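Colleague: In order, the protein sequence lines correspond to chains A and B. Quick note, in this note's numbering, the first sequence goes up one by one and the last residue is 500. Quick note, in this note's numbering, the second sequence goes up one by one and the last residue is 500.
Keep in mind that the hints were calculated from the coordinates and are not lab data. Note that this is a predicted model, so its numbers are computed, not measured.
Chain copies aren't distinguished; within one or between two, either way the pair holds.
Here are the simulated DSS-like cross-link-like pairs (lysine-lysine), alpha carbons at most 30 angstroms apart as the crow flies:
1) Lys454 <-> Lys294
2) Lys435 <-> Lys97
3) Lys36 <-> Lys435
4) Lys435 <-> Lys44
Protein chains: 2
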Amino acid sequence: MLTLKHLPIASFNENIVYLNRNCAAYKTDDINSLVKIEVHGGIKTITAFLQIVDDEGLVAPDELALNDEAFKQINLPEGAKVSLTLSPVPVSTNAIKRKIAGNILTSAEYSAIINDITSKKYSNMDIASFLVASGSFMSAPEVLSLSEAMIGEKVLHWDNESLVVDCHSLGGVPGNKTDIIITAIVGAYGLAMPKTASHSLTSCAGVADTMGVLTNVDFDAERLKALIEENRAAIVSYDKLDICPASRIISNVERQIGIAQQEHIAASILAIKMAAGVTNLLIDIPVGPKSRIKSANEAMRLRKLMEFVGDMLSIDIDVVITDGSEPIGNGIGAVLEARDVIKVLKNSEDAPQDLREKSLFLAGRMLEFDPKLRGGQGYFVAKEILDSGRALEMMNNIIKAQGKVPQPKIGKLSRDITANASGVIEAIDNARINKIGVLAGAGQYAGAGIDLFKKVGDSVEQGEPIYRIYACNSTDFAFANSVVDAYTGYEIVSSDDVEA
Amino acid sequence: MLTLKHLPIASFNENIVYLNRNCAAYKTDDINSLVKIEVHGGIKTITAFLQIVDDEGLVAPDELALNDEAFKQINLPEGAKVSLTLSPVPVSTNAIKRKIAGNILTSAEYSAIINDITSKKYSNMDIASFLVASGSFMSAPEVLSLSEAMIGEKVLHWDNESLVVDCHSLGGVPGNKTDIIITAIVGAYGLAMPKTASHSLTSCAGVADTMGVLTNVDFDAERLKALIEENRAAIVSYDKLDICPASRIISNVERQIGIAQQEHIAASILAIKMAAGVTNLLIDIPVGPKSRIKSANEAMRLRKLMEFVGDMLSIDIDVVITDGSEPIGNGIGAVLEARDVIKVLKNSEDAPQDLREKSLFLAGRMLEFDPKLRGGQGYFVAKEILDSGRALEMMNNIIKAQGKVPQPKIGKLSRDITANASGVIEAIDNARINKIGVLAGAGQYAGAGIDLFKKVGDSVEQGEPIYRIYACNSTDFAFANSVVDAYTGYEIVSSDDVEA
Chain A
1 MLTLKHLPIA
11 SFNENIVYLN
21 RNCAAYKTDD
31 INSLVKIEVH
41 GGIKTITAFL
51 QIVDDEGLVA
61 PDELALNDEA
71 FKQINLPEGA
81 KVSLTLSPVP
91 VSTNAIKRKI
101 AGNILTSAEY
111 SAIINDITSK
121 KYSNMDIASF
131 LVASGSFMSA
141 PEVLSLSEAM
151 IGEKVLHWDN
161 ESLVVDCHSL
171 GGVPGNKTDI
181 IITAIVGAYG
191 LAMPKTASHS
201 LTSCAGVADT
211 MGVLTNVDFD
221 AERLKALIEE
231 NRAAIVSYDK
241 LDICPASRII
251 SNVERQIGIA
261 QQEHIAASIL
271 AIKMAAGVTN
281 LLIDIPVGPK
291 SRIKSANEAM
301 RLRKLMEFVG
311 DMLSIDIDVV
321 ITDGSEPIGN
331 GIGAVLEARD
341 VIKVLKNSED
351 APQDLREKSL
361 FLAGRMLEFD
371 PKLRGGQGYF
381 VAKEILDSGR
391 ALEMMNNIIK
401 AQGKVPQPKI
411 GKLSRDITAN
421 ASGVIEAIDN
431 ARINKIGVLA
441 GAGQYAGAGI
451 DLFKKVGDSV
461 EQGEPIYRIY
471 ACNSTDFAFA
481 NSVVDAYTGY
491 EIVSSDDVEA
Chain B
1 MLTLKHLPIA
11 SFNENIVYLN
21 RNCAAYKTDD
31 INSLVKIEVH
41 GGIKTITAFL
51 QIVDDEGLVA
61 PDELALNDEA
71 FKQINLPEGA
81 KVSLTLSPVP
91 VSTNAIKRKI
101 AGNILTSAEY
111 SAIINDITSK
121 KYSNMDIASF
131 LVASGSFMSA
141 PEVLSLSEAM
151 IGEKVLHWDN
161 ESLVVDCHSL
171 GGVPGNKTDI
181 IITAIVGAYG
191 LAMPKTASHS
201 LTSCAGVADT
211 MGVLTNVDFD
221 AERLKALIEE
231 NRAAIVSYDK
241 LDICPASRII
251 SNVERQIGIA
261 QQEHIAASIL
271 AIKMAAGVTN
281 LLIDIPVGPK
291 SRIKSANEAM
301 RLRKLMEFVG
311 DMLSIDIDVV
321 ITDGSEPIGN
331 GIGAVLEARD
341 VIKVLKNSED
351 APQDLREKSL
361 FLAGRMLEFD
371 PKLRGGQGYF
381 VAKEILDSGR
391 ALEMMNNIIK
401 AQGKVPQPKI
411 GKLSRDITAN
421 ASGVIEAIDN
431 ARINKIGVLA
441 GAGQYAGAGI
451 DLFKKVGDSV
461 EQGEPIYRIY
471 ACNSTDFAFA
481 NSVVDAYTGY
491 EIVSSDDVEA
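The following block holds chain A by itself, in its conformation from the complex:
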């Protein structure tokens, strides 16, 4: 028996067990590869990955230390007596082997895999194996099985609502913060819209980041229900809701390995929205050569897949394919995006028209989830709500209900990037602009980002500023500068070519 200790180290989802090299209960000096261990003593056995410590001050030979994640899961006090055994490879690993061999997996196999993931029996490398093995070869019924398995035990119920609506836009288009404007319009119309949103994973800002500039977004399920009863609409982050844990773990691994397959995106979005109790869901698939979805064919395949899974899960889905060829709005990064959103809601003269129009179009589609609204009327109702100031009023109510937050400032370091030729902007590379913004610190610092002065079709003179980069510290600023000079992401057709 060993004595339990807590080493306050957070390892992002993985359980770690630390043993002294001269551990009294387990011979560690022969171990030359990663070992998975089961720790016994709590109500539930936990699984953790072994690391060896050579300092008795950190972990003594008669101690067993756990990191934050594992210590929380074992739920015992320091000083408790625990024992350990080697952990076998999880049985569901056989399903991964079957998938590699090209088989169709059963619903039970997907359940077993997701259970092993959420109970931390899988390491991140096991999860990566599963994602890569299943990525390109999932049938539509398999995507349904995966989505069902991911929903999880905790589901929000909206007993007083017949319609609970939400929207989700696939990533890859910088600045695309229509969701916040849509929520204000749909809430003002009167539909219940508990908009759940995520923080940035690989982009310059998630919806939760941009909304987080304006108001608090961290609420649990009870508080979210109260917000909806008060205002009909709210915009909250997934973090405190604590629903669909498998989705978060899988996204984290996808981000790390830089690989995200359509099948997993479809399964994940639908599982999250099912867990949030949504009855009617609008999906926006922006298509563009440098967007996440690159062709109309690909978008259509994803649309059909999501429609199939949605129908089977009895969630009413409307999938819209939109133009994702260039950024939406001018601001990229939480502070700049929040500025654009407020300009649109205030009907300011300099509000970005592309952001306004896309928001109205999508909000119109959402309003038509209401059976009482005549087909084709959604857009005009949405426009009336925005133009009349009712959407702005709703946003103010949402901010008041969710609570003020300290206003983050725009980055103190900035640089204007100028046109290298006179002419017309022919294309803007979403992926490049996103990369420059992320290097400048966007996604991590609300005040970092890019403010676009020119969009596709605009004329520029050589030397005229096309966008401005903002950073909050000199390291990020230097990084962004080091890549922007190689390629700005803007394609300019020179006036000479146009005339010729």
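Since the structure of chain A is provided, determine the placement of chain B on it from the hints.
Modeller: Below, chain B alone, put in the same frame as chain A:
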């Protein structure tokens, strides 16, 4: 700038950087997923995975701590000033995406992937992604590219030898320690045989474990050369040779995820033997329903693949397909296997005949690598060397040159497993026997293992012992006992059925 500190924690190949949650140089409180960081200050930038610490005693806000692996790689003293930046996803990740999409990768892409793996830019989950993505879909030229990339910078040269021979047996057959007997025979014949061997990863004993019972097996390249000059033969572990690092890292991940594809096995074996400077290599592929390679077709495919890659790498390969339907010899686990090996070398009356015959057959094939030996004579020469005691003499010389080690004892806990019916042993399940042995502690403790009293074709009476389990501690003993009762791994055809 932060002050460098070493946290003496070993993490099995992965670099970890520890920052205090209130780090002075990097905002960590918003981070909710694994982050890869580059640490600057040493001659070479190193890449490490971030973990967050909440204890100033472990890591202060102005400190940056590294685990064993990362501290060794950065090669700076504690107290040095270092800085950090976020690490981009390695460029070679694009090749993994191309592989998932079904493409043939180029030689340059495999080089880039392996370089990123050995320089620790890949996490274990990145490596798992690569292995799963490439596993089932590699062309023969791709396996060649992977093998070439894995060879690495450090290659042993044998300037005084025209022939340098070695052998390798694919796993899955418990007790299969022909390699040690072959080395004694081939060395006695006079060919240079620097036999390189590995410790157990998932089996009851690797060749290095079994040989480690008899003598020291840890030598660097210089000492190995001296051993070969002295005796013509030696058996050493890969560990201190420090060749082909990619192979070790990849095997470690394969073991963890429980997935090993033929293409990687072929590439890995050939890369290791190339790095060891081998000119002529015998490969033994045991085939059996519960062996690693399960069918003759599969074995033939692997043989052709290894022949192709070997020819391209200009290593002379002889691939032999053998019977892997049941364990070879009686002892399973390092101490028991070493006993069997010595019995064969001593020509003892109770030496396992299957181990003897297979060793002679394979040693004969190896001897025929010598151009001076007439085809078909190898077996008889090998038999003469073994029967005359020259192989035993060579083994004694090898043990004397490599040095004595403390003799590990057989496990003090044991239990006889008995036949549940009278009849004839029809089959022995390799995988089951291996599992029971590993649970009993074999692979970790030299003295743990299984001693088989009956083999396929033997008659048994109900209640007669069929094998004995040995364990070194009560936890392992209990584990082995808990599974053996469900299924012993022995199939017995009852005498009644045979008579009927």
